[in-house]
Structure formats: structure tokens, C-alpha cells
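Chemist: Here is what each chain is made of, one letter per residue.
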Amino acid sequence: MEQTSVALGGNPNSGKTTFFNALTGARQHVGNYPGVTVEKKEGFLSHNDINIHLVDLPGTYSLTAYSQDEIVARDYLTDTKPQAIINIVDAANLERNLYFTVQLLELGIPVCISLNMIDAAKKRGISIDDKKLSSLIGAPVIPTIARTGKGKQEVLEEVLKLTRDSQGNGKFEISYGDDLDQAMIKIEKIISDHQFLADAYPTRWIGLKYLENDSQVITKGNNFNSVISDQLSAIADKVTKHLKTTLNTYPEALIADYRYGFINAILKQDVISRVHDENKLQLSDKIDKVVTNRLFGPLIMIAVIYGLYQFTFTYSETPVGWVEGFFEWLNGFASTYLSDGLLKSLLISGIVDGVGGVLGFVPLIMFMFFGISLIEDSGYLARVAYMLDKVFSTFGLHGNSVMAYIVSGGIAGGCAVPGVMASRTLKSPREKLATILTVPFMNCGAKLPVMALLVGAFFGKNEAMMMLIITLIAWGGALLTAKLLRMTIISGPSTPFVMELPPYRLPTMKGLFIHTWERTWQYVKKAGTVILGISIVLWALMTFPGLSDSTLEQFETERQNLKSGAAIVTINEIEAAALDDSIQLSQAAQSLQKQLTIVDFKAAEAALKNSIAGKIGTAMEPVSKFAGFDWRTNIALVGGFAAKEIVVSTLGTAYSLGAVDPEDTSTLGEKLQSAPGWSPLVALSLILFTIFYAPCFVTVVAISKETGTWKWGAFSMAFNTTLAFTISFLVYQIGSFFGLLAG
Amino acid sequence: MSIINLRNMEINQTGIVSSVNVSGELGRRIRDMGLTKGVAIAIQGRAPLFDPVAIRLRGFTLSLRNNEADFINVEVKDQEIN
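Those protein sequence lines, which keep their order, are chains A and B.
Just so we're on the same page, the working numbering is the position in the first sequence counted from 1, plus 845.
Just so we're on the same page, the working numbering is the position in the second sequence counted from 1, plus 7.
Just so you know, the hints here were simulated from the structure itself, not pulled from any lab data.
Since this is a predicted model, take the numbers as computed values, not measurements.
Careful, some of the hints might be misleading.
Stated by the list, open to error - Once the Cα atoms are required to be at most 30 Å apart in a straight line, the calculated BS3-like pairs of lysine-lysine come out as:
| hint | chain 1 | residue 1 | chain 2 | residue 2 |
| --- | --- | --- | --- | --- |
| 1 | A | LYS1083 | B | LYS84 |
| 2 | B | LYS84 | A | LYS1125 |
| 3 | A | LYS1235 | B | LYS44 |
| 4 | A | LYS1134 | B | LYS84 |
| 5 | A | LYS977 | A | LYS926 |
| 6 | A | LYS1447 | A | LYS885 |
| 7 | B | LYS44 | A | LYS1272 |
| 8 | A | LYS1113 | B | LYS44 |
The following block holds chain B by itself, in its conformation from the complex (with noise of 0.2 Å):
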């Protein structure tokens, strides 16, 4: 297991939340949403200019800009080196 930044992950690759480190107005908007600490995500998608991400969460898909993603921990299992 290893943590690693919501921005680094690839697509289909799936974590557990480990830290959301903002707050104010887009900390409140993260969480409110339901990326908490804890929380299973997928990365479901990009969009056709890379930036914002499409990820899926307690059933349904939110997409944030990548420098929204910054602040967003995920532990991920580590990949298998071929």
C-alpha cells in the first residue's frame, strides 16, 4: 500500500481516501460531497483536456479540476512491476 496523490492516479485505478488537507469554501464543497477520509474511489474518467477528473464515489460520479484533486490524498494499492 502506498499513498499517492489524487492527481497521479490513472484511470480505472481505485484507493481509499487517506487526507483532504483544505479548507474554507472548496474544503467545505469536497467533503460536503462526500470525499471524506475513508471513502473508496475510482477514477472513472478525464476529460478530452485531461483536466477536470471524473471519479466515483459512494455510487454516484463527481468530477473536480486537477487543482481541486491536489489536495486530496489516496491510498492505492501498489502496482505490480512487471
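Okay, chain A solo, but in the shape it has when bound (with noise of 0.2 Å):
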């Protein structure tokens, strides 16, 4: 069969999504642009037998080399030339929308326009005649409606019809201005003479972009022929100086002018005839009056995030129950059926706990991605981010960041692997890497067992206080590290804010669904390998070289002479019990029983000091001991690496009481109260390591994933341990120094 390619663009907002879900249905793909982290969405379709391959650009308002969605956009345009560009154009706001359509009839790529939601611009009472708006602007016009589908058949008709035609849309060329005209014929005569650039870009387009002064297109004509590069450029400031003495203009801004006076001329030809006043206040303004108010729009903002995050953490909990109880009996089964040994404990510990461990997220990412995306799509995040701009951006970041901020812990409980995750609503590169780096302080479900134990068993009066405090030190330490960052290593100026305020719309049930699964199937297919890799390697870390034979002997005689001396009936009852659950044990058998358990606990924290971690937290211990922390915390929060909660269950084994349970911490609090070395300010300053150290590598992979790079999921391990460890050393060192909170 025949092949084509067909691009999608269009501004945010104007129901291209929905376009792309209408046209291709199921049959999509959602990738990456090669080397940036920009979504790519490929569809296929067939229509009269012709195979179509659509690919969905990044929504955008231009086409300039400022962000990288819209290099991305133009460069899929000019680099891979599609065969046609289907359009979709808000018919409800066609004046800001043709100004895209302008720029892609510059690019000279055959343009098919969707005018989209026509029914919503008839209901507010606007009619545009689409045969007129299509002759004037010199390509094909469909009305369309993308929630149900109508108008797609017409507008592949007519893509179709336009990649057969050799002429495309025809000639697209608009006036700059006198100024701006004589300077594009020197250059456009220079270009055409010189072949330059010519394979990849039309020739009026390589001018404007020169007038426009585009750092992208300059650099490459550089590269190309950097003599031709700087007679283009000397035009180009020729020109921009003189409009600068003349009218106080640049080249850009007369650009932006013209384009807008082009499309204000077609309109005023009764291409659009309104029944009220343009900027007549809609049913979505008077929304606003009470949304964004003063006193209702913060009440009613705090509600929404407060239901996005019970909606994320308390719905997904069934789900997260039966993964868990899966991996539980799977856990269980292997247990049975295995006899003891490596195998065992890496089957166990390390691939069944790591796979469980990669999908025990998958509900959590899921809820939080399906919440989002409805409150994307109706529109009411851009009110999250106009309302809250000011408090976000005094600290360099975006009003936006609050979403990934709430999801991570900002709300204590959250998970920072959505919450990393939820930065994707963020356009902004420098703000959106600055929240991508500081929402690992906030206090994840994870932390808050090991902040349990240490507020249990030191600051038991004070709890509900000491609760509230580590989540303001959580919020003020990530703020005020992000303003740290944006001052130092991701310096540069705010990206403008200049944000459209969409009307509210009802998003679609079809469109949350694509949107919610394809983002946690990436999540499984580009991090789940990552995770289950590292699960291994922190497994082996806690387990390898264990006990010498030696010790292991040591242990077994001890066991031994604890049963010598036991009756035989005793040690019998013993063995009956453990394979039968329902035997009660006689006084004597339990007595035997917990003293044969004080064994095993000594060898398995024999065992984890033996550890190559554990060898790593005594190493540290000369260094950790001027925060407080000891060699058994050291190891502790080495296994907190593979997740926070992991903390409170290696600091048992280490204190001789098996693996504690999370959940119940109260046996490990009173050991801690007693053990020698701790304190309230040991505890405190345990607290703030934990708020503030590396994040747990689940994290630091979708860190990576996020940002593209592992450079930065290692900079927040480095970075944040430092930070912490800075943090508890000068709180015990001064806590010391005046004898404060001693206990």
C-alpha cells in the first residue's frame, strides 16, 4: 500500500490530542525526540487505502529556537519534511491560532486547516465562513468537532489530496513592511545565488529567521558557509538598526506586527461575524471571577489539591494491596518450595522485592497521572499556576511546581517517584529542573515510619508538634534549596510566564485513559529494568561476603547447646510448630523458642556488619560520629537507599531484633531510648538526615528519566547527602557544644 506522513500541530489548548486520539484511536505510540526528553506521539492510520503516519508535534504558540518543544516541532518539519500538516485551529480563537498557521504556511509544507470545536464557537455566538477564510488564506478549511470525530474523514480527504499535488497550497508570501522587504529581497537573492542552506530550509524562511535572529538557524548557516552566514547577518543588522533610529522597533517585533495585521486583514473580509462583543465575558470568565477570587480561588485550590492527593494515595491503596499481596504469596511460595540458601535470598530479597518493588508504584503513578491530566485538561491548572506564581517564583521557581511538590510529600505521606514524575505539566527547563531536585525533600509515605520511631521514642510527648515542624523544615529546605540552585548551577533568568488562561472545558474520558496508561507504561518499560538491576545490587551489598564458617559455627554451637539443654519433648513441640501454626507451645518450648530467636538476630546483625555495606557504615564511622550517627544508623541509611522505610527494618537487625517490622516500631523505640550514643539530638539530627539525604534510587531513576541524564540523578545523590550531612553535623555539633536536648 501507499505511504504517507502527515505531522499534527497546533496551539496548546486547541483540542489537538483529542484530534490525534479521534484519528488513530488505539494505534498509537508515545516515544521521545531523539536526545531531549520531549514527548513524541506516532499514530497510523489507513484512509482509501493509504497508509498514514501522523505524528503528533508538541502543542506550541510559534515556531522560534526559545523552548525546546518548539525546535523540536520545526525541526521534525524541516528535517524530515513531512508530506502535509494537518492544522488544528481553535475556532473560538482564530486570530491568536492563525498566527501559528502563518508560520507554518512560511515553512512552505503543504497546511490543511481543522478548525476545530466549532460547535463550542457557535455557541458563543461566533460564525466563521470557512470557504471564504480558505481562499483568502490559500489552503483547505474543515470545520471540525475532535470530541466526536467530525470533519476527520473530510480533512484526510483533503491531506490526501494535498500530498498528491505538486503545487501544495501555492505560493505563501506576506509583506514585512517597506524596510523589512528591501532588506529579504538582498538577502533571498544572496541565499538563492549561494544554494545556502538549501537543502534543508525554503529560502524566505532562511531570511526571515536571519531578521528574526534566530540562534539556531544562524549557528547551522554558520557551520554551512560562515562568509555567506555574516553578509546575511550584516543585513539583518542594517536593517535592525535602522528600525531601531526610525521607529523603535526590532525586526522581531514588526514580524510578529505584520503577521497579525495579515490575519486581521482576512478576518475583517465578514470571514467572522460575531453576535457579541470579542471580549464579552464568557461562562469560563465568570468561572474565574469566583475561582480565582481572592478569598474563594485559595480555598477552593487547597480543596482541589487536597483531592488530588487523597484521590493519588488513598484510592490507589486497594490496587497497592493486591500487587503487594501478589508479591507477598509469590514471596511466600518461594519460601515453601526452596530450600535455603542464595538462591533463595536473591529470588526473594533481591528479584521478587525487586519487581514488586518496580510495580508496587505502578498504581500509585497511575491515579496521580489520571488526577493530573484532569485537572490539566479541564483547564484549571493554569489557575493552580496564575494563582500561586508569586509565592513559587520569589524562590525561581513556577507556580506549577506546587502539583509535583503536593504528590511528592508536600502533603506528608506522598511518594517523590510521581511527584518527579508530575513535573512534566511544567514547560519551563530551568524551573522545571529545580523542582525536579527538590521534591525529594518533602516526607514520602517511606519516611514517615522512620520519623514515627525517632518522634516515638524521643519526642513522645510532642509528637503531633514534632510532625508538623519536619514538614515545614521539609517545605522550607526544599524552597530555600531551590532558590540555592537557581542562584548557582541552574542560574539564568525566569522563563517568561506569559500563560493563556484556557477556557474550562470538560476533558474526555477516552483522552484521560490514553493519557494515564501511556505514561505509567513507560514508567514500567524504561524504568522498571533500571530498578529491578539496582534491586539486585543493593541486595548484594546487604547480604555478600556473609558470615565466615568460623562464625557460623559459633553460632550453630550455641544453638546447639541451647537445645542440649532443653528436654526433648521440648524441641520436638518446637518442630511440630513449625510446621503447623496451630500448635500451642508449652511455657518451657516458648522460653527455648525466643532464646534460640536472640541467636539468630545476633547472626543477622553479625551478618549485616560483615556486609559490604556494613563494611561501608563502619568505614563512615569515624566521619558520621560528628552528626551523631553511629555504625549501625550508617548501615541503616545505606539500605534506605533502596527505600526510606527500609531504614526502621535495618536499624532492628542491627540492634539484634530481626527485621522491625515498619508498622511497629514500639519494641525498636524503647531499644533506642536505652542504647548508648543516642539521644534527642542524635534523633533530631537523624530526622533532618533523612529529610534531606539522596533519595531513594527508585527516584534517582526516574530523576534521571526525567531530566534525560543520569548526570542529574547523580548530582541529587551527591548533593543532597552533603547538604544533609552539613545540616546534622553543625545541629549536633552546636546541640554538643550548649548541651541541648541530651536527654
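Since each chain comes alone in its own frame, lean on the hints to assemble the complex.
Modeler: Encoded structure:
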């Protein structure tokens, strides 16, 4: 069958994704554009026996070289040269949407305009003469309703006609005023005389980019032929200076003015007619009067954000329970049918727990993306950014950073893995990076058992107060660190806020489900294997090299001594009970059982201390003691890199209590209270360390995937641990000096 | 008629943009969104913390920070002095 490639382009909020879904249905694939983290959606469909490869470009308002989205969109158009573009245009917002259309037409690729949401425009009292618009702008115009699929066949019909027509849309040239037009004539002559970048771009477009001082095209031009490039730049500079002195304006500004002028001239020829004034307040604006009101706005926002949080973490509990239950069952199955040894330990603690760990996050990620898509597609997310931007921009972030913060544990109990992914709604690169690097400071659900243990044991009377303080410390620390990062390694001016407040719309269920599914699947596919690999490495760190034969023998002798001191009946009783849970042990058997368990716990402690992780912990003691931590705490913190709640169970093992259940830490708490080297000051130091030190490795993987480089994952580990140690060191040293919280 | 800075406009006040004095990325974003010389605008509201500002132009709503609005001058009707 015949093949053709078509791109789908348009403004954000123009219904582009809905149209893409209507055309491709489930036959779509999400990946990334090469080398960047911008999402690339592709789909396949056939029409009239022709296979169409459809690529959804990122939604943008323009095609400048300032944002990654725009560079990706235009690089795709100029490098891959699709045979036609479907341009989705919001019929109710024609003027600004056509501004993008003009830029597509300037590129010279055949364009078919889909006049989308024509029904919503009608409701607003706007009627558009699509035939007239088509003849004036020189491209086919088809009224569509993406939500119902109306008009999509006609669009495909026109697109295929365009791809067969060697003329495409025909010649498209608009005037940018006398000064620029004169400069353009000279520029165009030089470009075509020298075949300058001729393979890559259309002549007039190159000239336009030189006049607009487009960094990407000028760099390419310099590499291609720096002499010609300099000639073009000289002409551009001259006209720029001339415009500055005569009109006090810039070529870029003039070009924008003339593009809008061109659009206005078309629309004025009875293309558009309105029942109401253009700027009449619509239903959406009336909703905004309440929703962004000084008093009700923040209240409603708190309710929505809290609702999102509840939705993500409460409703996902049941499916998380299923996943956990399944892996517990698998674990039980493996422990019953495999003989003790390394293979069993690898299968249970390495692989099953690892896969369980990967999949355990899936329900959380699904619910988070569903909730955020709902808020985003409805148009409310833009209002959240609008209301909170003042606060977050003070710290070098963006109003939308709030979503990532909240999901990560801004309300204590979140999770940084979906939190890091929630930063996808941020379009500003520096603000996004600062958000990603600071969300791991929030109090995620896995840190809570650690906090509960330490607060319960050492600050028992003020538990609620301490938990509140911990939350505030996390927020303060994250925001201040964001500011610090934005002033140093991620410095640079803030990305312009300039943001549309789109009309409120009801999201389509199909869109929400596709969106959620794609992102969740991406997590499993891209992060899953890495996470599994690392969890095996961590298992090895905590397991090898194990105990020497002589030490093992020592513990075995201890066990034998205990057994030989007991009556045969008692031993038989214990052996029977191991196979049958229902047997009640006699007092003598219970006491023997307890003593045997103590030996097991001691053996576990010795094995942990002898493991690689244990050796790291011991080796760190000379340094960590300045923050109040001994080797036991160090090992627990190394274990916490796998998941923060493991700090608790590892501390348990290190204190010969066995692996303590993070849900029930009372015995460990009592042990710590009386253990030497512990005081409320040490507990405080450890609480602070736990808030700020390296994120768990799943988060590190998420950070690396979201930023597109392992560099930032590694940075977060090194930077956060250094920061945490500095804070704990200062608190412990100052506290010790003044004898504070000595217990 | 007098020319004032966009930052100093009041809610519901209308006017015609007389100049946008910024180039580079910010200038480009502002103009790409249709805030060009000669366009009619109305102030729709301000965020609860008085920044950013929401304005209505070309049939849609745009928000920008006050320090971005500083580059935009608007010709407004003189207010009647009571």
C-alpha cells in the first residue's frame, strides 16, 4: 500500500490531542524525540487504501528557537519533511491560532486547517465562513469537532489531495513592511545565488530567521558557510539599527505585527461574524470570577489539591494492596518450596522484592497521572499556576511546581517517584529542573515510619507538633534549596510566564485513559529494568560476603547448647509447631524458642555488619560520628537508599531485634531510648538527615529519566547527602556544645 | 487619552497597547501571544497575591507577571476626576 507521512500541529488547548486520538484510536505509540525529553506521539491509520504515518507535534504558539518544544516541532518539519500538516485551529480563538498557521505556511509544507471545536464557537455566537477563509489564506479549511470525530474524514480527504498535488498550498508570501521587504529581497538573492542551506530550509524562511535573529538557524548557517552567513547577518544588523532609530522597534516585533495584521485583514473580510463583543465575558470568565477570587480562589485550590492528594494515595491503596499481596504470596511460595541458600535469598530479597518494588509504584503513578490530567485538561491547572506563581517564582520556581511538591509529600505521606513525574506539566526548563531536584526533600510515605520511630521514642510528648515541624522543615528546605540552585548551577533568567488561561472544558474520558496508560507503561518499560537491576545490586551489598564458616559454626554451637539443655519433648514441640501454626507452645518451649530467636538475630546482626554495606557503614563511622551516627545508623541509612522505610528494619537488624516491621516500631523505639550513643539530639540529627539525604534509588532513576541524563540523578545523590550531612553536623555539634537535648 | 504602564491599570480598565519595549525571548512570547502594538486589551483580574495579572485580548485570556507587564505601555482614556 502507498505510504505517506503527515504531521499534526497547533496551539496548546486547541483540541489537538483529542483530534489525534480520534484519528488514531489505540494505534498510537509514545516515545521521545531523539536526544530530548520532549514526548513524541505517533500513530498509524489508513484512508482510501493509503497508510498514513501521523506524528503529533508538541503544542506550541510559535516556532521560535527559544523552547525545546518549538525547536523539536520545527526540526521535525524541516528535517523529516512530512508530506502535509494538519493544523488544528480553535475556532473560538481564531486570530491567535492563525498566527501559528501563518508560520506553518511560511515553512512551505502543505497545510490543511482543521477549524476545530466549531460547536463551541457557535455557542459563543461566533460564525466563520470557512470557504472564504480558505480562499483568502490559501489552504483548505474544514470545520471539525474532535470530541465526536466530526469532520475527520473530510480532513483526511483534503490532506491526501494536498500530498498528491505538486503545488501544495501554492505560493505564500506576506509583506513585513517596506524596510524588511527591501532587506528580504537582498537576502533572498544571496541565499538562492549560493544555494545557502538550500537542502534544509526554504529560501524566504531562512531570510526571515536571519531577520528574527534566530540563534539555531544562524548557528547552522555559520557552520554551512560562515562568509555568506556573515553577509546575511550584516544586512539583518543594518535593518535592525535602522528600525531602532526610525521606529524604535525590532525586526522580530515588526514581523509579529505584520503577521497579526495579515490575519486581521483576512478576518475583516466578513470571514468572522460575532453576535457579541469579542471580549465579552464568557461562562469561563464568570467561573474565574469565583475560582480565582482573592478569598474563594485559595480555598477552592486547597480543596482541589487536597482532593488530588487523597485520590492518588487513598484510592490507590486497594490496587497497591493487590500488588503487594500478590508478591507476598509469591514470596511465601518461594520460601516454602525453595531450599535455604543464596539462590532463595536472591529470588526473594533481590528479584521478587525488586519486581514488586517496581510494580508497587504503578497504581500510584496511574492515579497521579489520571488526577493531574483531569486537572490539566479541564483548564484548572493553569489557574493554579496563576494563583501560586507569586510564591513559587520568589524561589526561582513556577506556579505549577506545586503539583510536584504536593504529590512528593508536601502533604506528608506522598511519594517522590510520581512527584518527579508530575513535573512534566512544567514547560520552563530551569524551573522544571529546580523542581525535580528539590521535591525529594518532601516527607514521602516511606520516610514517615522513620520519623514516627524517632519522634515516638525521643519526642513522645510532642508527637503531633514534631510532625508538623518536620513537614515545615521539608518545605522550607526544599524552597530555599531551589532558590540556591537557581542562583548557582541552574542560574539564568526565569522563563517568561506569559500563559494562556484557557476556557474551562470537560475532559474526554478516552483522552484521560490514553494519557494515563501511556505514561504508566513508559514508567514500567523505561524505569522498570533499571530499578530491578539496582535492587539486585543492593541485595548483594546487604548480603555478601556473609559470615565466615567459623562464625557460623559458633552460632550453630550456641543453638546446639541451648537445645541440648532442653528436654526432647520441648524440641519436638517446636519442630512440630514450625510445620503447623495451630499448635500452642508450652511455656518451656516458648522460652527456648525465644532464646533461639535471639541467637538468630545476633547472627543476622553479625552478618549485616560483615556485609559490604556493613563495612561501608563501619568505615564511615569516623566521619559520621560528628553528626552523631554510629555504624548501625550508617548501615540503616545505606539500606534506606533502597527505600526509606528500610532504615527502620535495618536498624532493627543492627540492634539484634531482627528485621523490624516498619508498622510496629515500639520495641525498637525502647531499645534506642536505652541504647548508648542515643539522645534526643542524635534523633533530631537523624531526622534532619533523613529529610535531606540522597533520594531512594527509584527516585534517582525517575530524576534521570525525567531530565534525560544520569548526571542529574548522580547530582541529587551527592548534593543531597552533602547538604544533609552539613545540616546534621551543625545541629549535632551546636547542640552538643550547648548541651541541648541531651536526654 | 494618556499612556500608562500595564502594571498600573485597574481591573476592568480597557486600553490600546501603544508599545512593547522588550526583545529576546520575553518580547517574542509577548508578541506571539498577540500582545502587539495597536491591540485592544482589558484587565480581567489579578491573582490573589496581586501578581500575575490576567488580561483579555483577541478573544482569549492571557496572564503575565507584573515584571513582564512593565515592558508594555497602554493608551487609556483619561479617568474622569470626580
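Chemist: Take the hints in turn and mark each one as holding or not.
Modeler: Outcome of the hint check:
no.: 1; hint: A:LYS1083 with B:LYS84; verdict: 37 Å, violated
no.: 2; hint: B:LYS84 with A:LYS1125; verdict: 19 Å, holds
no.: 3; hint: A:LYS1235 with B:LYS44; verdict: 27 Å, holds
no.: 4; hint: A:LYS1134 with B:LYS84; verdict: 25 Å, holds
no.: 5; hint: A:LYS977 with A:LYS926; verdict: 28 Å, holds
no.: 6; hint: A:LYS1447 with A:LYS885; verdict: 54 Å, violated
no.: 7; hint: B:LYS44 with A:LYS1272; verdict: 27 Å, holds
no.: 8; hint: A:LYS1113 with B:LYS44; verdict: 18 Å, holds
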